[in-house]
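Novice: One letter stands for each residue in the lines below.
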Amino acid sequence: MDRTASSGGRRRRARGSGFVRYWIKEWSSWLLVVPSVLFFLFFSWEPLLRGIYLSFFETRGFEPVRFIGLQNYVDVVSHSVFWQILRNTFVYVFWSLVLGFFVPIAVAILVNEMRWLQSFFRVSAYFPSMVPGIAAAMLWMFLFEPSEHGLVNMALGLLGIAPLGWLQDSSLTIVTIVLTMTWRGFGAIMLLFLANLQSINNELYEAAAIDGASIRHKLAHIMLPHISPLIGLTLILQISGVFQIFNEPLVLTEGGPNNASMTLQLQSYFYAFRYFEAGRSVALGVITFLILMVITLVFFRLQKKVSD
Amino acid sequence: MSKPNSPRLISDLELRQRPVKLLYGMLFLLMIAVTLICLLPPIWIIISSFKDLKEFYQVPPTLIPRTFQLDKLARTWQEFSFMQYYMNTMLVTLGTLFFTVTFNGLAGYFFSKLKPKGSALLFVLVLWTILLPNTVGLVPLYSNLVDFPILHLNLTNTYWPLWFMAAANPVTILIFKNFFDAIPDSLLEAAHIDGSTKMGIFFRIIVPLSGPVIVTVIILAVNGVWNDFFWPFMLLKEQHMWTVIVAIYNLKTSLPQDIQFIGLTFAIVPPVLLFIVFQRYIMQGATLSGSVKG
Chain A
1 MDRTASSGGR RRRARGSGFV RYWIKEWSSW LLVVPSVLFF LFFSWEPLLR GIYLSFFETR
61 GFEPVRFIGL QNYVDVVSHS VFWQILRNTF VYVFWSLVLG FFVPIAVAIL VNEMRWLQSF
121 FRVSAYFPSM VPGIAAAMLW MFLFEPSEHG LVNMALGLLG IAPLGWLQDS SLTIVTIVLT
181 MTWRGFGAIM LLFLANLQSI NNELYEAAAI DGASIRHKLA HIMLPHISPL IGLTLILQIS
241 GVFQIFNEPL VLTEGGPNNA SMTLQLQSYF YAFRYFEAGR SVALGVITFL ILMVITLVFF
301 RLQKKVSD
Chain B
1001 MSKPNSPRLI SDLELRQRPV KLLYGMLFLL MIAVTLICLL PPIWIIISSF KDLKEFYQVP
1061 PTLIPRTFQL DKLARTWQEF SFMQYYMNTM LVTLGTLFFT VTFNGLAGYF FSKLKPKGSA
1121 LLFVLVLWTI LLPNTVGLVP LYSNLVDFPI LHLNLTNTYW PLWFMAAANP VTILIFKNFF
1181 DAIPDSLLEA AHIDGSTKMG IFFRIIVPLS GPVIVTVIIL AVNGVWNDFF WPFMLLKEQH
1241 MWTVIVAIYN LKTSLPQDIQ FIGLTFAIVP PVLLFIVFQR YIMQGATLSG SVKG
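So the sequence lines, in the order shown, correspond to chains A and B. When you line the first sequence up against this note's numbering, it's residues 1 to 308, in that order. When you line the second sequence up against this note's numbering, it's residues 1001 to 1294, in that order.
Source of the hints: derived by calculation from the structure; they are not laboratory data. Treat the hints with caution; some may be incorrect.
[As the list claims (entries may be wrong)] Capping the alpha-carbon separation at 20 Å, the derived lysine to aspartate or glutamate pairs in EDC-like fashion look like this:
id : chain 1 : residue 1 : chain 2 : residue 2
1  : B       : K1252     : A       : E26
2  : A       : K25       : B       : D1194
3  : B       : K1115     : A       : E203
4  : B       : K1237     : B       : D1258
5  : B       : K1117     : B       : D1185
6  : B       : K1054     : A       : E148
7  : B       : K1021     : A       : E113
8  : B       : K1115     : B       : E1189
9  : B       : K1054     : B       : E1238
10 : A       : K25       : B       : E1079
11 : B       : K1054     : B       : D1071
12 : B       : K1252     : B       : D1147
13 : A       : K25       : B       : D1185
14 : B       : K1021     : A       : E206
15 : B       : K1072     : B       : D1258
16 : B       : K1115     : B       : D1147
17 : B       : K1115     : B       : D1052
18 : B       : K1115     : B       : D1181
19 : B       : K1252     : B       : E1238
20 : B       : K1237     : B       : D1147
21 : B       : K1117     : B       : E1189
22 : B       : K1117     : A       : E26
23 : B       : K1117     : B       : D1181
[What the hints assert, rightly or not] Here are some chain A residues pointing at chain B (derived, C-beta under 8 Å):
id : residue
24 : R50
25 : I161
26 : A195
27 : A213
28 : H221
29 : L292
Glycine included, each C-beta is placed from N, C-alpha and C at the ideal position.
With the rest of the complex left out, here is chain A (with noise of 0.2 Å):
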């Protein structure tokens, strides 16, 4: 590593370095992230502790008032909404990998190949992501409109399909949240993989063909093997993100018909600021931490088994 600018002409003097020659050397450094310091303190890392902390209490408001062990959690899992949440969960999951995951990567192997109009078409699909995400759920929210009003349903018509009831429908409505928030979000995912299939070596390609690769053999030999990293990184921050989802299941559903979408995030949101029941709230969070952490984990550790 590089000296520093400002050890650079000290080298003579650094032997004897204390405590105190440290501080005279490098206290105007750390002033200069004494205000970042206090700002990640109050509003990251306080909260998170202070949020474990908290699980383990009962709570008036948001203040602690007894200690009670693990009665949060045993409220929160014991709760019949836990279960519904948990397989919920497990059909975003579901549905953001056959939708989120695999759509910016079919995208962006597509705009990729393009010859003609190729950054009209990266543009555009770029162009949701710019929509603000309230404003997006809500103009889905009317586009998804159950009955023939619904311009959905109306473009279905055209194809002899029968109106659907779409987010008032428990069947339909994880896949519709999930429709819209990969329509919005699978943009700036694309954007990764073009930027990553355009770093792969033309003469691979070319020397492929001469050796006579037909397109899915240079798919599944050159493309593929070149983005299974970011593909792999993809599929985390996918998983990682259902975990949080919020904003969609807020304003399209209120995580309705009959908690039929209910998220996690949702839930101990309403937890906290509609059944006032702080210590929930954050034992829930805890738990989807949990999870979390446990799924991230067991991830690097299969990714290093399939690298080594």
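Given the coordinates of chain A, assemble chain B onto it according to the supplied hints.
Specialist: Relative to chain A, chain B alone:
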């Protein structure tokens, strides 16, 4: 327009074969379909907000409006004081920009160039903030903002918390750090010998060299503010403090649908204009922040 040498699966030579040509045609149509799905919904909302009342509620809805009422937009703008929400959003944006660039920039400088002993530990803590899911801190953070520790201030219905949170943005710190890493140390050393302080070096050497990264960060921040919902929604309870996004969400239940469409239009148009003007920077920024997270 396309570069002849960009790496593609289907080579020019293969494209001459008939079945490949057919496949390519299908892919092109698919791409058109994707484009339409991306562009049409917001465009339809925007043009529908110009329809008159009768056409708006017509079943089935018209795709291309036959009526065009500009004054309805003007009336809604007036009546629901969107000017106020725009000004509020602007104010949030300005403060956010100041806090984002100054404090994340200084932190990036600290981690990239100053690097005193012990800073690596702090850097790990900052990185963890990106990785750790924010599911636990919500409630305690809210209670901090209602009654700020030590000072006992109630920060709801002010923009301070939004600005402060922008100052602790690990992704932006990483973007700054990565950029500063490429600035040669010899430049800073020269300034140091000339007697500049660390702060002086930051403002006189680093900042003037950092035009591109500052532009990227600004664009990401502007877009972030325009999108931001949760904390503005939680904190800005008084109507005269609402940002545009909070306004369209809060007005959702009380307004007829045609007015909601107009509100949506007001929320969608500014970022779209921003995108049309700065699309290159915005897409660069998106790629950058995405790759930083990875």
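Novice: Regarding the pair B:K1021 and A:E206, is the alpha-carbon distance no greater than 20 Å?
Specialist: Satisfied, since the Cα-Cα distance of roughly 19 Å is no more than 20 Å.
Novice: Is the Cα-Cα distance between B:K1054 and A:E148 20 Å or less?
Specialist: holds, 17 Å
Novice: Next pair to validate is B:K1237 with B:D1147; report whether the Cα-Cα distance is within 20 Å.
Specialist: holds, 16 Å
Novice: Run the distance test for B:K1117 versus B:D1185: straight-line Cα separation, threshold 20 Å.
Specialist: Holds, at roughly 17 Å.
Novice: Between B:K1252 and B:D1147, is the straight-line Cα distance small enough, at 20 Å or below?
Specialist: violated, 29 Å
Novice: Holds or violated: are the alpha carbons of B:K1021 and A:E113 at most 20 Å from each other?
Specialist: holds, 12 Å
Novice: Within a Cα-Cα threshold of 20 Å, do B:K1115 and A:E203 meet the stated pairing?
Specialist: Violated. B:K1115 to A:E203 sits at ~41 Å, over the 20 Å cutoff.
Novice: Would you mind confirming whether the straight-line C-alpha gap from A:K25 to B:D1194 stays at or under 20 Å?
Specialist: It holds: about 17 Å lies between the C-alpha atoms, which stays within 20 Å.
Novice: Need the status of pair B:K1115, B:E1189: alpha-carbon distance at most 20 Å?
Specialist: Roughly 14 Å separates the two Cα atoms, so the pair holds.
Novice: Hint A:L292 vs chain B: min CB-CB distance below 8 Å?
Specialist: This interface hint holds because 5 Å falls under the 8 Å limit.
Novice: For a C-alpha distance cap of 20 Å, please report whether B:K1054 and B:E1238 respect it.
Specialist: Roughly 34 Å separates the two Cα atoms, so the pair is violated.
Novice: Hinted pair, alpha-carbon criterion (20 Å max): B:K1072, B:D1258. Please report holds or violated.
Specialist: Roughly 10 Å separates the two Cα atoms, so the pair holds.
Figure legend: structure checked against the earlier numbered hints; hints not met, in rising order: 1, 3, 4, 9, 10, 12, 16, 17, 25, 27 and 28.
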